[in-house]
Amino acid sequence: MGKKKSSIIKTLGLSPGTVVYIGSKTDSDLYINVLDFNQDFIEEKELNTIEDAFPFIDTDPVSWININGLNNTEAIEKIGSHYQLHPLIIEDIANTHQRPKIEEYEHYIFVALKMLYFDTNENLSVEHISLILGNNYVMSFQETEGDVFDPIRERLRTKKGRIRSMGNDYLLYSLMDAIVDNYFNLIEIMGEKIENLEDSLFDHESNTEITQDIQDLKKEILKIRRAVFPLREVVNHLVKGEHPLLTEKTQLYLRDLYDHIIQTSENIELQREMIWGLMDMYMSTISNKMNEVMKVLTIIATVFIPLTFIAGIYGMNFKYMPELEYPYGYFILLGVMILIFIGMLFYFKRKKWF
Amino acid sequence: MGKKKSSIIKTLGLSPGTVVYIGSKTDSDLYINVLDFNQDFIEEKELNTIEDAFPFIDTDPVSWININGLNNTEAIEKIGSHYQLHPLIIEDIANTHQRPKIEEYEHYIFVALKMLYFDTNENLSVEHISLILGNNYVMSFQETEGDVFDPIRERLRTKKGRIRSMGNDYLLYSLMDAIVDNYFNLIEIMGEKIENLEDSLFDHESNTEITQDIQDLKKEILKIRRAVFPLREVVNHLVKGEHPLLTEKTQLYLRDLYDHIIQTSENIELQREMIWGLMDMYMSTISNKMNEVMKVLTIIATVFIPLTFIAGIYGMNFKYMPELEYPYGYFILLGVMILIFIGMLFYFKRKKWF
Amino acid sequence: MGKKKSSIIKTLGLSPGTVVYIGSKTDSDLYINVLDFNQDFIEEKELNTIEDAFPFIDTDPVSWININGLNNTEAIEKIGSHYQLHPLIIEDIANTHQRPKIEEYEHYIFVALKMLYFDTNENLSVEHISLILGNNYVMSFQETEGDVFDPIRERLRTKKGRIRSMGNDYLLYSLMDAIVDNYFNLIEIMGEKIENLEDSLFDHESNTEITQDIQDLKKEILKIRRAVFPLREVVNHLVKGEHPLLTEKTQLYLRDLYDHIIQTSENIELQREMIWGLMDMYMSTISNKMNEVMKVLTIIATVFIPLTFIAGIYGMNFKYMPELEYPYGYFILLGVMILIFIGMLFYFKRKKWF
Amino acid sequence: MGKKKSSIIKTLGLSPGTVVYIGSKTDSDLYINVLDFNQDFIEEKELNTIEDAFPFIDTDPVSWININGLNNTEAIEKIGSHYQLHPLIIEDIANTHQRPKIEEYEHYIFVALKMLYFDTNENLSVEHISLILGNNYVMSFQETEGDVFDPIRERLRTKKGRIRSMGNDYLLYSLMDAIVDNYFNLIEIMGEKIENLEDSLFDHESNTEITQDIQDLKKEILKIRRAVFPLREVVNHLVKGEHPLLTEKTQLYLRDLYDHIIQTSENIELQREMIWGLMDMYMSTISNKMNEVMKVLTIIATVFIPLTFIAGIYGMNFKYMPELEYPYGYFILLGVMILIFIGMLFYFKRKKWF
Amino acid sequence: MGKKKSSIIKTLGLSPGTVVYIGSKTDSDLYINVLDFNQDFIEEKELNTIEDAFPFIDTDPVSWININGLNNTEAIEKIGSHYQLHPLIIEDIANTHQRPKIEEYEHYIFVALKMLYFDTNENLSVEHISLILGNNYVMSFQETEGDVFDPIRERLRTKKGRIRSMGNDYLLYSLMDAIVDNYFNLIEIMGEKIENLEDSLFDHESNTEITQDIQDLKKEILKIRRAVFPLREVVNHLVKGEHPLLTEKTQLYLRDLYDHIIQTSENIELQREMIWGLMDMYMSTISNKMNEVMKVLTIIATVFIPLTFIAGIYGMNFKYMPELEYPYGYFILLGVMILIFIGMLFYFKRKKWF
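Protein chains in written order, with the working numbering: chain A, 1 to 354; chain B, 1 to 354; chain C, 1 to 354; chain D, 1 to 354; chain E, 1 to 354.
No wet-lab data here; the hints were simulated from the structure. Check before you lean on any hint, since a few could be wrong.
[Stated by the list, open to error] Each computed BS3-like pair below joins lysine-lysine, with the alpha-carbon atoms no more than 30 Å apart:
#, chain 1, residue 1, chain 2, residue 2
1, C, Lys-160, D, Lys-352
2, D, Lys-240, B, Lys-289
3, E, Lys-25, C, Lys-349
4, C, Lys-295, B, Lys-223
5, C, Lys-319, A, Lys-351
6, E, Lys-218, B, Lys-289
7, B, Lys-289, D, Lys-319
8, E, Lys-78, A, Lys-289
9, E, Lys-295, E, Lys-218
10, D, Lys-349, C, Lys-319
11, E, Lys-101, A, Lys-295
12, A, Lys-219, E, Lys-218
13, E, Lys-193, E, Lys-25
14, A, Lys-295, B, Lys-223
15, D, Lys-349, A, Lys-295
16, B, Lys-289, C, Lys-351
17, D, Lys-289, E, Lys-101
18, A, Lys-352, A, Lys-319
19, A, Lys-193, B, Lys-159
20, E, Lys-219, E, Lys-101
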């Protein structure tokens, strides 16, 4: 907690436009690779210094410049200013708390969004992704290595689909689409988690952590919601947008993307309702169990307390207790007790207590 | 679960516009039939190959081409490209997770919606239906056999109503209307389920699965909601729409259809409120029952514990206990105990405990 | 239930515009009466056949044609087609599940709304009313006899107020106003029901049906809401509407009517909140009562169990138990027990348990 | 209740525009007073008959005509028709159930709003106030004597502030402002009530009426909400309004008034959330207390029941029970019992039960 | 409470535009300091009298006039009227209950907002800040000393960032940005509080104040919400605004500020959901604990009550009880009891009760 806090406080009082990396992956190496392509041609390069990425601003083929390692703020500032990005945009690239948004400038479009995945410990990870659509390039900034873009790289290399022939705005769309497609996967995993938790509610064991588990699920779904919901507005803006960098052909694909985000949002809302319902379910299972416990206690106590009382009566030491003298007194009493016992059980049976 | 998951993941990383069947009915045979009609004429054909459905694109009478078996993606791609549908539309036809939507293109209108029914195991089934309104044809795509269109076929054959004389947009309306009409049926069944569950809350038996039943009802109503609510927007779009394929005469009918969907939506919301209320009701019945149990225990314990104590007193073995020597001590004590017993019962009676 | 279900299913698969009566009052006799009036003149007629109602379409004075008995669908179809109503409108007149709505056609305006009242068994009844405002007539369709229009008839006969001089649109307004005024009455009765239920929560008796009563109130208020809320839009449409049949003078009255509906809606929302709160109140009274029960049990058990133990000690048969031999042992022990008893009571008193 | 009901039913079936007083203060005397003023001049008169109020319609100075006693419907009708108010407006003046609203006519503006105060029994009173802004007059109608306008009268008399120089629209604003200012006072008292109730939740005494108190608070806040919320729209209408009677100078003040109403609304919503939260808090305190009670019972029972059992063992009358013969058997057993006792207490201590 | 109340009532009945300080910091000294700067020049002055602040209205460099001590209403009125602020604005400056708002006048823009911080007792403090953007000055009014503007002063002095070169509208933005940046800090602390409370729910100790703690958190988050949410509208107004005092260059920064406020709002909503969930969690932990307690009681009672009964049987004093005579009767019975004991434990083990 302390670490997270300091990362936020780090920016307090700074001049706006100051580039500060806010995030936990502070030791990622800078990694830059470029895919240069057009219909007929493709070239893939791994760059060593940020300056190597400068020329692509005015080369003719479409260039996809991917930069990993947001903690290397100096490099990001350098390339940002070379590509003439506004200081506030450069700040947003490094600020991992930035919510999904779109900013249109004259020469480029900036899109911030979130890549979501469950890490190896089953914790939800939120990675900040920034995309810049420029004249003939797309730049993508990631916090760290590992992404959902491999299928796109594959399609580019193998010339599968339209991606090689459709220009840089289609590439932007493809990257966003890959991220959004991955949300469905996430929703699927969340669905399984919810079902597992639901099943374990009716399980007789291991109930103590369920409240905590439900609260954790709540937090996860709210995190996902926060990452996905603002994206609707972002893509809607792109769909309607009339920025010259967006071609009409790509609009249809963006509309499809918008549709997918709406669908994800609906699924998230559905799961949210389900998770909120879990608490009520859990409360009712607890109450049911307590009811069971109480019934056992009540049956036992109600059956034996009166019998014990009767035994107590004949354990008294009065001088003159005629029953005690009867030759069959003891057996008669035993009989009476058994009758009471059976009567009680019959009563509870009729009341459906067991 | 595993199967469902893999079906989603199957599409991850694919190029947009790739036609993949996402759904559980993977072994349906391709079944194509065509109804060709105008005011004076009707012809019904069952086709063997998808290519047989190609000519209807430019025949003069209205053609209703119905295709069952979305898992036959190849056939769907073939007919889609012959009828010049956009690749994204073909993808949407096969994608059973696609939410209800409408897409207007220059030469055709695409409508996706959901057919809902309870299957033989009383489980809610959601079937993805796609409708294409073209120049002089309507195409309908279904996941599998069995639909709610038989009355329309009947009306077409017998020339009942306006359907033979009103053109292909009216046919589109009729198909949508048949699906929406069926929602009322569904709502009716849901209503019965809710009432049954409500009744069983006050039943003394079989309570353990009620929490699960309520949760199941919640899921069903949310599923229905997800299928029906987006349809409002779809039909509203059609009502307002000015696509040349929609004639003014049909607008009135579409408005009526819109009305029906609103009504369905209201019923769904009502049922939702009812179902959410069930959990509260259930909790209060559990609490009431526990109250009853506790009262029984308390009455028994409160009546007999003091009496047992008294019996215990006179069971002590002190040398000098004068009461024990009284000739009528035993009978006096029995009298006192009976008085205490009656007093206790009287007290509980006054407190309305039984 | 079965009956209601079949009534819905009855319409499944029918051609749109087919007139089917959906409702439970299937044996009402057809009853038609006409009030013909202008400023100086009034005539009241009871008609025998539907054909007798045909001439009023082009007579000069304002005619109010009231038709009871929606189950006589044939008659309704006849008059509907004579008055040139659209088939969908005629269907809506007979369809008692139709939600409140307004439809403007060139020559007439159609308004559907609901008359609400509590029947003799205190059950909420919803009656479907359809109003047609034509050139110089108003037609009203009711499911069965008995309505809230008597005061209007009286005002017409006695020339009280503006109704005789203001034309047919004012008559339409008056009919709607009478129905809406009656809602206030309904709200009043609902208010009493809620207060009664609230009072009975704190009552010590008859608690078992309260959960059911609350659920019933919920259903009633939701039914009312469903009948009233869409009416806001309907009247708002009339207020803004520029249909030539609506005169400017009547607009003011319609605005007033709109105001009344808003007020009713607010009251409904208020009552809804109150009813939803009842469940919480009920839960807390149950819990309070259980608390009381538990306290009684705990006090009795806590006081007597230790005393019984002590008595048990001296009921043991050990050979050497010196206390038993003391001449005053018994009396000392009784004293000790009384001290413990008083001490326990004092402890619970201080804990405010009684 | 009966009385309130009849007051509503009294209007059922009446012709619209019929002036009926609906309210509980049916015996207020008619009281009319007039304040005539301009920059240099002020005159204050108490009038005896309603006819005395007629001349002010065309006198030159601004006249504030205040009329108390809405139950005197005849007088209200007389002055209303003299001042050429629409019959529906006159009806709204007398109808105390009328929600806050604004109506603009050509020659005057009508504003209805609510004066709220806690009466001497701490009950929330809602008084219906109607204001008419005419050419050079403001008329105010109150149900009964006693209002929040005294400071305005004082400012008028002493020429403090702008009120004497700003015209009749500023007077209207001032009257509304006085009413809205008083809402803050109300909110303050509600706040205290909520805090008191909150404190008493944690009190050990007097819990039985808390549920009722919370429900009462709910009703009060909902009543206040219903009186205040529609006022937002009313004032917003005035702020935007372009009625010639409203001068531009006063707009700024109306905007300020709007701001105050928004602030009141926000406070109301806040208090509403707090009150709704009280029920949850109360439930958790009940549960906590029950937990305490259960712990006491469990500790006592768990400690003494096994001990009593052991004592019971040695109270048996078997011929051959070797322990009974041991010379120190009794003392050994007492020791064992004390050990068990201490062990039990230690166990509960470790479980943090006391 | 009394004090707070009187502070509100103090203003009741006052003429609008009367400057009254409403707040608790009534003894702050008046403190005025001025920062005069342009690109090349900076001068910092502490002023003694309010009149010393008068000349800056028409000096050429940008002047930031900061005034602490809102309780000095006279001084505020003086400077307000010298700078030609509208009386209502001057009232709003002193009224600490004023919600965040923006007012645009011809020659200046007024912005009211809230500075939030946790004071030394961990209580949430809300300080009312007013900002005036005039021709070449920015005035800021604070209730008392201590603010979040020190970094801005530093940047001004050291010429860091753009602040010296961007004019007075950028200064206004910077002040607002500093306040909003501080909100993130607040959210962070709230997050920690929530997590701490969540952890302590599962703690076995110190549960009695948790309900109170949750209610306190609710109040705090609602307070924060009330301070932050209206700010969205304020900044949105600035972003869209076309007041001549706002330059285009600053718009981008304001948009960024807007973004930060949206992000804060989302975080607040998230925390609100979390806090509301805490009560449910707490209830379920209470229920779980009660369940544990009940299980212990039930196990003990169920095991020992039947055994005690059996011992009671053989404690009876009947003359003829054959078992008592058996030489091994006692040992056999002990064996039977041990068997019953083990059987009971086995039963509870199987039921997973411990």
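Hints, verified against the model:
no. : hint                    : result
1   : Lys-160/C <-> Lys-352/D : violated, 80 Å
2   : Lys-240/D <-> Lys-289/B : violated, 59 Å
3   : Lys-25/E <-> Lys-349/C  : violated, 46 Å
4   : Lys-295/C <-> Lys-223/B : violated, 47 Å
5   : Lys-319/C <-> Lys-351/A : violated, 48 Å
6   : Lys-218/E <-> Lys-289/B : violated, 34 Å
7   : Lys-289/B <-> Lys-319/D : violated, 48 Å
8   : Lys-78/E <-> Lys-289/A  : violated, 72 Å
9   : Lys-295/E <-> Lys-218/E : violated, 34 Å
10  : Lys-349/D <-> Lys-319/C : violated, 36 Å
11  : Lys-101/E <-> Lys-295/A : violated, 61 Å
12  : Lys-219/A <-> Lys-218/E : holds, 18 Å
13  : Lys-193/E <-> Lys-25/E  : holds, 27 Å
14  : Lys-295/A <-> Lys-223/B : violated, 38 Å
15  : Lys-349/D <-> Lys-295/A : holds, 27 Å
16  : Lys-289/B <-> Lys-351/C : holds, 28 Å
17  : Lys-289/D <-> Lys-101/E : violated, 46 Å
18  : Lys-352/A <-> Lys-319/A : violated, 45 Å
19  : Lys-193/A <-> Lys-159/B : violated, 54 Å
20  : Lys-219/E <-> Lys-101/E : holds, 22 Å
This entry does not satisfy hints 1, 2, 3, 4, 5, 6, 7, 8, 9, 10, 11, 14, 17, 18 and 19, going by the numbered hints stated previously.
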